[in-house]
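Build the full structure now, drawing on both the sequences and the hints.
Protein chains in written order, with the numbering used here: chain A, 146 to 271; chain B, 336 to 421.
Everything labelled a hint here was simulated from the structure, so no lab data went into it. Incorrect hints may have been included.
Said to hold, decoys possible - Which residues of chain B face chain A? A partial, calculated answer using Cβ under 8 Å:
1. A341
2. L350
3. I359
4. T363
5. V369
6. D372
7. A373
8. G380
9. L384
10. D396
11. F411
In this text, a Cβ means the ideal position worked out from N, Cα and C, and glycines have one as well.
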Amino acid sequence: MIYVFSVLFLLLGMLVNTLGTVSLFRFPDVYTRMHGSTKCTTFGTISLSLGVILYAIIRRFQTGEVRFSVLALHTVIVVAALLISNATGAHVLARAAHRSKAFPKNAVIDSLAERDERLLKEGFRR
Amino acid sequence: MIGFFALAAGFLTLLVLIMAGRLIMGPTGADRAVALDAMNTLVIGIMILLAAHFESVVMVDVAIVYAALSFVSTMFIARYIEEGRK
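What follows is the structure, encoded as C-alpha cells:
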C-alpha cells in the first residue's frame with residue numbers, strides 16, 4: 146500500500162511509451178515521427194525511472210540495506226544521461242535527415258532550406 | 336508489488352517488438368534511425384525495471400554504458416545519413 150506512488154509513476158510511464166509507439170506509426174514523415182517518438186519515450190522512461198527511485202528509497206528505509214540507496218543513485222545517473230543524449234541525438238538526426246533531402250510532407254514554409262540557400266549564396270561552405 | 340516491475344518490463348518488450356516494424360519498413364534511412372533511437376531508449380527502461388525486479392545494482396551500470404554507446408551509434412548513423420546515401 147505504501148508503494149502506490151511508485152505504481153502510479155510506472156503506469157504513467159507505460160501509457161506515455163505506448164503513445165510514443167503509436168506516434169511512430171501514425172505520423173506521415175520523418176520529422177513528425179521524431180517529434181512524437183523522442184518526446185514520448187524520453188518522458189516515459191524518466192517516469193519509469195522515478196518509479197524505481199521511489200521504490201528503492203522506500204525499500205532502503207524499510208530494510209536498511211545500503212544497496213537500495215546505490216540503486217536509487219545509479220538510476221539518477223541514468224536519468225541524467227537520457228536527458229542529455231536523447232535531445233542531442235534527435236537534433237543531430239533531424240539535421241542529417243534534412244541534409245539527405247528528406248523534406249517534410251505538406252509543409253508550406255521550410256526555413257532551414259531558405260537559410261541554407263541564403264548561406265550558399267553568400268559563399269559559405271558548410 | 337514485486338511482480339509489477341516484471342509486468343512493466345514485459346509490456347515494454349512488446350512495445351520494442353512493435354517498433355521493430357517501423358525499423359523494417361521505414362521508407363528512408365532516417366526513419367530507421369529514429370525507430371532505432373526509440374528502441375534504444377526503451378531497452379534502457381527495461382534494464383532499469385529488471386534491476387528493480389531482481390534487486391541487483393549491476394544491471395543499472397550496464398544501462399549507463401548502454402546509454403552512452405547508443406548515443407555514439409546514433410551520432411555515427413547520422414553522419415552516414417548526412418552523406419546523401421539512402
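Quick rundown of the hints versus the structure:
no., hint, in the structure
1, A341, "violated, 11 Å"
2, L350, "holds, 5 Å"
3, I359, "violated, 12 Å"
4, T363, "holds, 5 Å"
5, V369, "holds, 5 Å"
6, D372, "holds, 6 Å"
7, A373, "holds, 4 Å"
8, G380, "holds, 4 Å"
9, L384, "holds, 6 Å"
10, D396, "holds, 6 Å"
11, F411, "violated, 10 Å"
Consistency with the previously given hints fails for numbers 1, 3, 11, ordered from lowest to highest.
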